[in-house]
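Enquirer: Now for the letters of each chain:
Protein chains: 2
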Amino acid sequence: MEIIRSAGEMQSHAEKIRSSGKRIGVVPTMGYFHEGHTSLIRIARERCDVVVTTIFVNPAQFGTGEDFEQYPRDFERDKALAEEGGTDVIFAPDAEEMYPPGFGTFVVPEDGASILEGQVRPSHFRGVVTVVVKLFHLTKPHIAVFGQKDAQQVFVVRRMIRDLNFDIDLVVAPTIREQDGLAKSSRNLYLTAAERAEAPLLYQALKEAESLAALGERKAEKIRAAVSEVLQRAKLATADYVAVVDPETFREVGELHPPLALVAVAVRFGSARLIDNILISVSSKG
Amino acid sequence: MEIIRSAGEMQSHAEKIRSSGKRIGVVPTMGYFHEGHTSLIRIARERCDVVVTTIFVNPAQFGTGEDFEQYPRDFERDKALAEEGGTDVIFAPDAEEMYPPGFGTFVVPEDGASILEGQVRPSHFRGVVTVVVKLFHLTKPHIAVFGQKDAQQVFVVRRMIRDLNFDIDLVVAPTIREQDGLAKSSRNLYLTAAERAEAPLLYQALKEAESLAALGERKAEKIRAAVSEVLQRAKLATADYVAVVDPETFREVGELHPPLALVAVAVRFGSARLIDNILISVSSKG
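Quick mapping for you: the protein sequence lines, in order, are chains A and B.
Add 730 to the 1-based position in the first sequence for our numbering, that's all there is to it.
Add 730 to the 1-based position in the second sequence for our numbering, that's all there is to it.
Take these hints with a grain of salt, some might be off.
Claimed, not checked - Simulated crosslink set (DSBU-like; lysine-lysine; CA at most 35 Å straight-line):
| # | chain 1 | residue 1 | chain 2 | residue 2 |
| --- | --- | --- | --- | --- |
| 1 | A | Lys746 | B | Lys914 |
| 2 | B | Lys752 | B | Lys914 |
| 3 | A | Lys752 | B | Lys965 |
| 4 | A | Lys746 | B | Lys952 |
| 5 | A | Lys937 | A | Lys952 |
Simulated from the structure, these hints should not be mistaken for lab results.
Construct all of the structure, not just a fragment, from the sequences and the given hints.
Expert: Laid out in structure tokens, this is it:
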């Protein structure tokens, strides 16, 4: 496994790989790997000749007062896990390499990027999409693997790939969960033991939405109310939002429509902010 | 010479060319060719195996009330001139192909894009840079050729290439002029005979700036005043701006500094809006 820090070196390496006819898969990450990340790496491994895992805690996607400084980092552990998952190249640039002085071009997603995460974290998706474009140009992938846990990120990245005509297949991998249902996240580290005990309520709330929809409930308001009710059992948490959206547009819907609805939640436990979501199949007969 | 209208077809064709080890040069244009355009095509021809000329009047870079509808178009003539200049592929999509319903991702240049053209034409450079990114992804070039006449466009595109890590060499071609100095432009077509007679004053004004700098003048205010004085001789025109900027940052400067200063003007003759500029070498001793 190779470790590359320089953007120029990454790019010329990627160009060589492509020219030799090999397929490149990229897994963009912020590091501090858990099984969610290693599942993405394994998916890229199955589908490509060369797997590039990028590790970059991207300052542009953190707002003022967010957890950029304290975001957990453990490069040695990540290195071992990336290699175990089948990574060929780790690209781990520093912030100066990615945003040199005079940087002044951003990729900006519009509709669908200003609600939910975009409302709570203004300019977050601008930072995400900008760094993804840069990483795509540096690693020249045929496919890119992202996790469904960050559903709105998947939406803005998918639309960006289409809008800007990137010749890249987006592969979306299912959320990996703890046994009690809590979605794996680097930010789970911030939870106290008491908070951790309550955290599975996020997924329970989402499963409640799924059950209601399976029973024929189509009103988003009813679904949201049921999800909020479950979340309220978490005494140490406050909900940022509970939303029912069309996953194609990321607009909130009044009624669930076939084929799919997405229910997304964000919850704060002290300094930890957790997100989760569930895709719900909606059948055409009510 | 091939003519391609479909984005998908252009992209797979470009990928095939690249995979075969050939070098692609792209010349992005809005059509209605004059010698300025054909000079760009010739430059690409000299440096590449395959020349792709794109013809697309990009609605995203025109503001409300601008000349998008009346912008001149003559595809048959362009086709002949493109072929004569050595084009292998014309890519000429329609607006629906480039901006399908649901389009919602823009590439936005910041500092340096909101003055001069960006001030007079808000969101102009957002449209330019977005379509250039799309065209780069569709034509997969090794080099891209742009004209110095649109100096601020060259600035935002060069910075975008660097900021977003495109693996593309930007080649900037000198402005082609009529015998009397008027920069060739598709918009010269809008001039009445009387306006056309006054239009060479733009270049005369820029040459005046160059002479003053050669004589040792370093104060931008003095240069601007001299340029404005020449432009005032054009009785049918009103000046939009006269600016002295650092071509590296596109910020206005108080004093000319080595190695280069750029003097840029924009002038309105009735419905025609003409721009021009001159790069001035500034020696280190005053």
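Enquirer: If a hint holds in the structure, say so; if it doesn't, say that too.
Expert: Verification of the supplied hints:
no.	hint	in the structure
1	A:Lys746 with B:Lys914	41 Å, violated
2	B:Lys752 with B:Lys914	32 Å, holds
3	A:Lys752 with B:Lys965	63 Å, violated
4	A:Lys746 with B:Lys952	52 Å, violated
5	A:Lys937 with A:Lys952	14 Å, holds
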